[in-house]
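A.B. asks: If you read the sequences in order, they're chains A and B. Counting from 1, position 66 in the first sequence corresponds to residue 65 in numbering that gives the first Met the number 0; the numbering is continuous, with no gaps. Counting from 1, position 127 in the second sequence corresponds to residue 126 in numbering that gives the first Met the number 0; the numbering is continuous, with no gaps.
A couple of the hints might just be wrong.
[Said to hold, decoys possible] One-sided excerpt, in silico: chain B residues whose CB lies under 10 Å from chain A:
1. Gly27
2. Pro89
3. Ala120
4. Leu179
5. Ala198
6. Ala221
[Claimed, not checked] Which stretches of chain B does chain A cover? Using the computed rule of at least three CB atoms under 8 Å from a CB of chain A, they are:
7. 33 to 39
8. 72 to 81
9. 127 to 141
10. 161 to 171
11. 181 to 190
Please keep in mind that the hints were generated in silico from the structure rather than gathered at the bench. Beta carbons are placed, not taken as given, at the ideal position from N, Cα and C, and that holds for glycine.
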Amino acid sequence: MSGLTLVIATMVLGVGTYGFRVAGPLLKSRMTLSAEVERLMAVAAVVLLTALVATATLVQGHGFAGFARLVGVAVGGVLAWRRAPFVVVVVAAAATTAALRLLGVP
Amino acid sequence: MRSIWRTLQVRLGRELTRDIALVCLADGVVGLSFGAISVGAGLPLWLPMLMSVVVFAGASQFLFVGIVAAGGNPVAAVAAGLLVNARHLPFGFAVADLLSGGRGRWLAGSHVMIDESVAFALAQRGTGRSRAAFWACGTALFVCWNLGVLLGAFGGAAITDTNAFGLDAAFPAVLLALVLPSLRDPATRRAALVGAVVALATSPFLAPGLPVLVGLVGLLAARPHLRKGAA
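Next comes chain B alone, as it looks inside the complex (with noise of 0.2 Å):
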């Protein structure tokens, strides 16, 4: 731990650490509102707290408890909620590299890959500044959501429509902020926009999480040039 310490504040720097800081401040929010809402539909205090801890995954918990408080078999929440969260396999692979260095590190560093995270990773140049980005935003958030479940299971009603303050704009504008250095890229730039378009395009058809998968359809947009070895 006192080396990941270390390596995060000679990498990080001013600005990441507050790019990030934000981005926490944010999922807060939403973790304040995913608490809430579960106690608010019903479900006992300590399933938003367990789950937030457990999964660690914002969309698929939403799912879920939409779908439990409903009424909705639990099978059918469990698989709706894998489903969403299916995309952190290929995330996985693109950032294994950040999680090496022993076994408790990937052990560790893999509970803590989420969308924002990894896109922080792929933002960075180097390695050193990936693998800190990564666990610096991977870790804060982990501890934000969970500290804005608690307190939103708790708090009750106090927040429970952030969209009043644009926060679910917040989320994509994150994440197009940090992929578009990556996007700059002709080869790989072709392949997002296959792959955004694909997964709009099956949206209205699909069980959620399902379209972003299809989306990797626009790898093959990309692939001839890659194997030129063209980066």
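In isolation and in its complexed conformation, chain A is listed as follows (with noise of 0.2 Å):
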């Protein structure tokens, strides 16, 4: 593939993205939304972000991300609904996931 080609398929997804990301603020900036709309955007946010985790933690590809993702994730979810700190969360997640695959887990 020639440089200039990926030059412009960079610069497509760029701009398409940067499209998607500015509509809001600027379909905002021109109207005033009522309350419940404004609140269902935030719970938008809230469910797309929940459903990221979902398929982030079980999902490659089209099949089943592995056990040692999956337990990692559910120790610092764990973690994270007892209130511990964030940095403990993080640190507890990743750890969990590379001790298990050091062990053999995929």
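Combine both chains into one complex, guided by the hints.
C.D. replies: Spelled out as structure tokens, the structure:
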């Protein structure tokens, strides 16, 4: 693939992504939304992030991502639920997954 | 810019600064691997760097490079990347108010709108703190991600397998920790759980990025309750 093709493809992806990002702020600077819609937008972001947590934890490609990652995120989740500090949650999740892989867990 | 920094210093505090720094470190290492993998796959040195500045969205960048490196069609690579990044559209509506204060702010703020900066913003109480968290996380991640990619592209195969460090578990753990406080509200929790189940159930069949968007049907589970004004 030529360098020019790659530059164009990258720019199109960049501009398109920026379009997604800027649409909300752009539209909302020109109109006022009802409190109900505002609240729905905030919940939508939480729904998206939660769905992202679920898929990033369990799915790789179109299949199962493996037990090492799942257990690591679960350990982090329990710690977060018990209100452990953020740093502890994240380091524990990564360390658990890394340790399990070291032990041969896929 | 000066007013943004002043807001940050006053609002952030030590704990939040440390949390954001940790996420920056983790994403910086993932950036290293992105740079190394791209160049290792035979793509030009400048591609991962240009892409990280212009696109600045990790999952779509990995997907794009994976498709192009495998000899795939560039149109397909762009389409796949755009699909993964479509969730920024609803994110934009959720965080738009944090970017108010002049055209320059929302033009720049939109570019640093990513999963982590949105999640950090949503996890804070009060608009002032949310705004500070969004900007601090977004700009710091932009710097760390691009620095990581730069080093990875030049450093070659130093770090290509971030799975060995469990960093693939760190990303969902970060988002989970940040989203948990919002899930204490029953209506939100219901919507989020339905969304997660739908996203998982459709993952085997749909292109990457789509399952998460389809998960938005979870909002239907929250709606009657929201209309009553309960929060």
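A.B. asks: Each hint needs a verdict: does it hold in this structure or not?
C.D. replies: Each hint, compared with the structure:
1. Gly27: 14 Å, violated
2. Pro89: 5 Å, holds
3. Ala120: 9 Å, holds
4. Leu179: 5 Å, holds
5. Ala198: 4 Å, holds
6. Ala221: At about 6 Å, which falls below the 10 Å cut-off, the nearest Cβ of chain A leaves the hint on Ala221 of chain B intact, so it holds.
7. 33 to 39: Answer violated; 0 residues pass the 8 Å Cβ test.
8. 72 to 81: holds (count 6)
9. 127 to 141: Violated: only 0 residues of the region 127 to 141 of chain B have a Cβ under 8 Å from chain A.
10. 161 to 171: Per the Cβ count (10), the hint holds.
11. 181 to 190: Result for this restraint: holds, n = 5.
In the structure shown, a violation is registered for the earlier hints numbered 1, 7 and 9, in ascending order.
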